[in-house]
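Sequences and hints are given; from them, build the entire structure.
The listed protein sequences derive, respectively, from chains A and B. Residue numbers for the first sequence follow my numbering, beginning at 75 and rising by one. Residue numbers for the second sequence follow my numbering, beginning at 5 and rising by one.
Hints listed in this document are in silico derivations from the structure and should not be mistaken for laboratory results. Bear in mind that the values here come from a model prediction, so they are computed numbers and not experimental data. Among the clues, some could well be false.
Here are the simulated DMTMM-like cross-link-like pairs (lysine to aspartate or glutamate), alpha carbons at most 25 Å apart as the crow flies [claimed, not checked]: (1) B:K24 x A:E115; (2) B:K44 x A:E115; (3) B:K48 x A:D145; (4) A:K179 x B:E46; (5) B:K13 x A:D112; (6) A:K179 x B:D90; (7) A:K144 x B:E46.
Distance ranges between label pairs, derived from CB positions [unchecked claim]: (8) B:R68 x A:S151: 40 to 48 Å; (9) A:S151 x B:N55: 39 to 47 Å; (10) A:A152 x B:S77: 43 to 51 Å; (11) A:P155 x B:K24: 36 to 44 Å; (12) A:N149 x B:L100: 22 to 30 Å; (13) A:E91 x B:V16: 35 to 43 Å; (14) A:Q83 x B:K48: 13 to 21 Å.
Idealized CB from N, CA, C, for every residue including glycine.
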Amino acid sequence: GQQLNQSPQSMFIQEGEDVSMNCTSSSIFNTWLWYKQDPGEGPVLLIALYKAGELTSNGRLTAQFGITRKDSFLNISASIPSDVGIYFCAGQLKSNSGYALNFGKGTSLLVTP
Amino acid sequence: GEEVAQTPKHLVRGEGQKAKLYCAPIKGHSYVFWYQQVLKNEFKFLISFQNENVFDETGMPKERFSAKCLPNSPCSLEIQATKLEDSAVYFCASSLLGTGGLEQYFGPGTRLTVT
Numbered sequence: 075g076q077q078l079n080q081s082p083q084s085m086f087i088q089e090g091e092d093v094s095m096n097c098t099s100s101s102i103f104n105t106w107l108w109y110k111q112d113p114g115e116g117p118v119l120l121i122a123l124y125k126a127g128e129l130t131s132n133g134r135l136t137a138q139f140g141i142t143r144k145d146s147f148l149n150i151s152a153s154i155p156s157d158v159g160i161y162f163c164a165g166q167l168k169s170n171s172g173y174a175l176n177f178g179k180g181t182s183l184l185v186t187p
Numbered sequence: 005g006e007e008v009a010q011t012p013k014h015l016v017r018g019e020g021q022k023a024k025l026y027c028a029p030i031k032g033h034s035y036v037f038w039y040q041q042v043l044k045n046e047f048k049f050l051i052s053f054q055n056e057n058v059f060d061e062t063g064m065p066k067e068r069f070s071a072k073c074l075p076n077s078p079c080s081l082e083i084q085a086t087k088l089e090d091s092a093v094y095f096c097a098s099s100l101l102g103t104g105g106l107e108q109y110f111g112p113g114t115r116l117t118v119t
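Quick look at the structure:
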């Protein structure tokens with residue numbers, strides 16, 4: 075699979091603060107997806123991006139598909155305690171061989187009240 | 005159903021024993037994916053299906069791993085002669101082909117512990 079670099083590795087913030095995390099790749103992707111994983115659970119899809127330059131929101135979450143198609147970022151505004159979890163970016167190459175997701179290593183978010 | 009279902013939740017096997025994991029995709033989804041999540045949160049793609057046909061098996065360790073998706077049955081991932089390094093959480097995801105790509109929806113996972 076392709077290597078994705080996700081940063082930061084972890085974040086420790088106060089409730090109400092905004093958060094930003096990003097992912098970069100050496101390869102061009104056709105799709106970027108952002109997931110959140112809680113302990114003992116499967117990843118939950120937050121946002122899907124399909125076009126270079128696309129900016130998409132889902133409530134307090136905003137994500138963008140980079141112009142170069144090699145990067146994406148996720149912003150969380152006005153964080154709340156339930157935002158705690160691990161956030162993963164995933165890039166997808168659309169090819170004849172399949173649609174396997176290539177994941178970043180995750181950003182662990184801790185929010186203090 | 006409306007969610008991807010995986011069974012069992014936990015599975016413990018002695019080294020060398022067989023392990024079999026099951027996945028029921030979301031009703032109407034024609035793609036099924038299997039991923040392995042090991043320590044440090046790393047996800048590794050194993051295999052995907054389009055209906056009952058293997059779509060991409062580039063991630064499968066072919067010596068001991070096999071998978072099937074048969075009509076009217078849950079999909080399965082089987083590991084023959086498990087090894088310690090097979091200990092991981094195995095996730096199944098399903099998808100419906102959209103206009104731009106595949107949004108994959110994950111199940112809760114099966115935690116396999118090989119002792």
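Status of the hints after comparison with the structure:
1. B:K24 x A:E115: 20 Å, holds
2. B:K44 x A:E115: 15 Å, holds
3. B:K48 x A:D145: With a Cα-Cα distance of about 20 Å, the restraint between B:K48 and A:D145 holds, given a limit of 25 Å.
4. A:K179 x B:E46: 6 Å, holds
5. B:K13 x A:D112: Answer holds: B:K13 to A:D112 is near 15 Å, not above 25 Å.
6. A:K179 x B:D90: 19 Å, holds
7. A:K144 x B:E46: 20 Å, holds
8. B:R68 x A:S151: 40 to 48 Å: Once the Cβ atoms are compared, 46 Å apart, the range 40 to 48 Å for A:S151 and B:R68 holds.
9. A:S151 x B:N55: 39 to 47 Å: Given a distance of about 41 Å, which is inside 39 to 47 Å, the answer is holds.
10. A:A152 x B:S77: 43 to 51 Å: 46 Å, holds
11. A:P155 x B:K24: 36 to 44 Å: About 39 Å separates the Cβ atoms of A:P155 and B:K24, which means 36 to 44 Å holds.
12. A:N149 x B:L100: 22 to 30 Å: 28 Å, holds
13. A:E91 x B:V16: 35 to 43 Å: 41 Å, holds
14. A:Q83 x B:K48: 13 to 21 Å: Holds: the Cβ-Cβ distance is about 19 Å, inside 13 to 21 Å.
Consistency with the previously given hints is maintained throughout, with no hint failing.
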